[in-house]
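Visitor: Here are the chains, one letter per residue:
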Amino acid sequence: MIIDQKKIDEAIEIIKGHGGHGIQKCVQCGACSAVCPGVKAGFPLLCRALIRELLNGHLEENIENSSSWGCQACNRCTEVCPQGVRPQEVVFAFRRYQALELAFSTSSVTSQMNLYETGHAVFSDPKEARRKVGLPEETPTSAFNEEAQKEIRTLMDNSPMGELGLF
Amino acid sequence: MEQIGLYLGCNIPLKAPDIEQSFRKIFPPLGVQPVDLEGAGCCPAWGTAPSFDLNTWCAISSRNITIAEDKNLDIMTGCNSCFGVLSEAKHFMGNAATRKVVNGSLAKINREFKGTSDIYHVAHVLHKKIGVAKIKENLKFSLAGLKIAVQTGCHTLWPSDVYKVKEENSYYPTILKDLCEVTGATVPHYSRLEGCCGMGGMRSTDAEKSLKLFKEKLLSIKEETDADMIVTTCSSCFLQFDMSQPILKERGEIDFEPIPTFYYTQLLALAMGFEPQQVASISQIDRRPIIAEIQSEKRRIKEGM
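In order, the protein sequences belong to chains A and W. Following the working numbering, the numbering of the first sequence begins with 1 at its first residue and continues without gaps. Following the working numbering, the numbering of the second sequence begins with 168 at its first residue and continues without gaps.
Treat the hints as calculated values from the structure; they're not laboratory data. Please note that the accuracy of each hint is not assured.
[As the list claims (entries may be wrong)] Using 25 Å as the maximum straight-line C-alpha spacing, the simulated DSS-like pairs for lysine-lysine come out as follows:
| # | chain 1 | residue 1 | chain 2 | residue 2 |
| --- | --- | --- | --- | --- |
| 1 | A | Lys-127 | W | Lys-182 |
| 2 | W | Lys-192 | A | Lys-132 |
| 3 | A | Lys-132 | W | Lys-376 |
| 4 | W | Lys-267 | W | Lys-296 |
| 5 | W | Lys-192 | A | Lys-40 |
| 6 | W | Lys-416 | W | Lys-379 |
| 7 | A | Lys-40 | W | Lys-469 |
| 8 | W | Lys-281 | W | Lys-307 |
| 9 | W | Lys-301 | W | Lys-182 |
| 10 | A | Lys-150 | W | Lys-182 |
| 11 | W | Lys-296 | A | Lys-132 |
| 12 | W | Lys-379 | A | Lys-40 |
| 13 | W | Lys-192 | A | Lys-127 |
| 14 | W | Lys-295 | A | Lys-150 |
| 15 | W | Lys-192 | W | Lys-295 |
[Claimed, not checked] Here are the in silico distance ranges between beta carbons for each label pair:
| # | chain 1 | residue 1 | chain 2 | residue 2 | range |
| --- | --- | --- | --- | --- | --- |
| 16 | W | Asp-203 | A | Asn-56 | 42 to 52 Å |
| 17 | A | Gly-165 | W | Met-168 | 24 to 34 Å |
| 18 | A | Ser-124 | W | Lys-416 | 37 to 47 Å |
| 19 | W | Lys-469 | A | Arg-131 | 53 to 63 Å |
| 20 | W | Lys-379 | A | Asp-157 | 49 to 59 Å |
| 21 | A | Gly-134 | W | Asp-237 | 27 to 37 Å |
| 22 | A | Asp-157 | W | Ala-264 | 17 to 27 Å |
| 23 | A | Glu-117 | W | Glu-335 | 21 to 31 Å |
| 24 | W | Lys-303 | A | Pro-160 | 17 to 27 Å |
Heads up, the beta-carbon is just placed ideally off N, CA and C, and yes, glycines get one too.
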């Protein structure tokens, strides 16, 4: 393998910039992968394996790999890591790098649109179901509150998400 | 009566309002009054802002938290994902630089995160604030002789350093076991107790991988406990157990009937005598037989006993 220090530095900077601050503490022990449900289910590029790729500077090479989206954010890895890497934060930092390059499944666009429009990532008309269980048809949440929706839209418009043309 | 902000999230008020109704029924008799957090939205879910930008995640979470701060209330949520997302955001907001940037965004909507509200899960409020003794006093039906397999779910367990209430051992959780045992039911251990159910990002990214993980957990429950029901304190785990058992059955991958599954407060509401139509009526798996058993006359707890 050719070691390209410039590429390695760039990859580390990007991951840290997206919240994966502990990446350089990793000693590749694999404790994280041993407890990871994603690894167990067969996603090839999570926890130790992903961190190794990133520490070798292989960021763009893995941009299309969907493993990071299989991460459950369960943080079993964070709990067991003896070095304080907080591997889940590295996985999510890589996911953020992918997302801002629009390298994610189109199916997840719906959640962003729902969040922007109703303030709920998961949305369906709840009125009938709520009536049947004896609750008011409208939830007290942002779903039926225009002022709340406007606030959430303002936060999203003024974020890096606002520049992606998803909503 | 002690008040607490009821943070609903998305799935519970929109898809499983019987779970929401179960909260509203059980807490007042137990001495805790849930207060609506008007205009609260998505926590935001892992697949949304947290997957794009850390500060946007913190801003949207903090907006929700400030609604409780304005009422001088702590927050209680029944959704594990919401609990994890809000707790982690609050943890990140402990960093002065993050708090400054995020409060800059919140200023645009006339809000400021102060960090004065603590975040609790429904199970924490029941176990730590109310306590099993008080729950026991309010039971109308005994679940003695019934077997429950418990599923705590991931996001109340890890990372334990960001949570207000912690299990003694997050890989051997006992809070939900205690809450179930107080009903009189038995709660046998099974080897995949702390295992992930496969819902969440995994389910939407690769349904087959998710089902594989789920099946391993389900078989451990069936073979090691032969439980009458599965009880969870995670609304996502609830959806996975309720939706995916019938899929495995239809495919011929399991040779037993799907095990009825409840969110914990549904089970408690039934044991406290509330109307099944209101507190436990939305599910794929037919729960009517087990509900009839739970609320059968022979199980009624006689006054003064």
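Visitor: Compare the structure with each hint and give your call.
Guide: Results for each hint:
For the given pair, Lys-127 (chain A) sits about 10 Å from Lys-182 (chain W) by alpha-carbon distance, which is consistent with the 25 Å threshold. With a C-alpha separation of about 15 Å, the suggested pairing of Lys-192 (chain W) with Lys-132 (chain A) holds against the 25 Å cut-off. For a cut-off of 25 Å, the pair hint linking Lys-132 (chain A) to Lys-376 (chain W) is broken: about 35 Å separates their Cα positions. The suggested pairing of Lys-267 (chain W) with Lys-296 (chain W) is violated, with an alpha-carbon distance near 33 Å, which exceeds 25 Å.
Restraint check for Lys-192 (chain W) and Lys-40 (chain A): not satisfied, since their Cα atoms lie roughly 39 Å apart, outside the 25 Å limit. Distance hint between Lys-416 (chain W) and Lys-379 (chain W) is fulfilled; the C-alpha atoms sit about 13 Å from each other, no more than 25 Å. Our distance criterion of 25 Å between C-alpha atoms is broken by Lys-40 (chain A) and Lys-469 (chain W), whose separation comes to about 49 Å. With a C-alpha separation of about 42 Å, the suggested pair Lys-281 (chain W) and Lys-307 (chain W) falls outside the 25 Å cut-off, and the hint is violated.
A C-alpha spacing of about 30 Å is found between Lys-301 (chain W) and Lys-182 (chain W), which places the hinted pair above 25 Å, so the restraint is violated. The straight-line distance between the Cα atoms of Lys-150 (chain A) and Lys-182 (chain W) is roughly 23 Å, inside the 25 Å bound, and the hint therefore holds. Proposed proximity of Lys-296 (chain W) and Lys-132 (chain A) is contradicted: the alpha carbons are some 31 Å apart, above 25 Å. For the hint linking Lys-379 (chain W) to Lys-40 (chain A), the alpha-carbon distance of about 10 Å falls within 25 Å, and the restraint holds.
Proximity of Lys-192 (chain W) to Lys-127 (chain A) is assessed by CA-CA distance (about 19 Å); at most 25 Å being required, the pair is judged to hold. For the hint pairing Lys-295 (chain W) with Lys-150 (chain A), the CA-to-CA distance comes to about 37 Å; that exceeds 25 Å, so the pair is violated. A threshold of 25 Å between alpha carbons decides the hint, and for Lys-192 (chain W) with Lys-295 (chain W) the separation of about 19 Å falls inside it, so the pair holds. At roughly 51 Å, the beta-carbon separation of Asp-203 (chain W) and Asn-56 (chain A) lies within the given 42 to 52 Å, and the hint holds.
For Gly-165 (chain A) paired with Met-168 (chain W), a C-beta distance near 49 Å fails the hint of 24 to 34 Å. The supplied range of 37 to 47 Å is broken by Ser-124 (chain A) and Lys-416 (chain W), whose beta-carbon atoms lie about 25 Å from each other. With their beta carbons about 36 Å apart, Lys-469 (chain W) and Arg-131 (chain A) fall outside the hinted range of 53 to 63 Å. Look at Lys-379 (chain W) against Asp-157 (chain A): about 40 Å separates their beta carbons, and that is not inside 49 to 59 Å.
At roughly 29 Å, the beta carbons of Gly-134 (chain A) and Asp-237 (chain W) sit within the given window of 27 to 37 Å. Checked against the given bound of 17 to 27 Å, the beta carbons of Asp-157 (chain A) and Ala-264 (chain W), roughly 23 Å apart, stay inside it. About 43 Å separates the C-beta atoms of Glu-117 (chain A) and Glu-335 (chain W), a value inconsistent with the hinted range of 21 to 31 Å. At roughly 51 Å, the beta carbons of Lys-303 (chain W) and Pro-160 (chain A) sit outside the given window of 17 to 27 Å.
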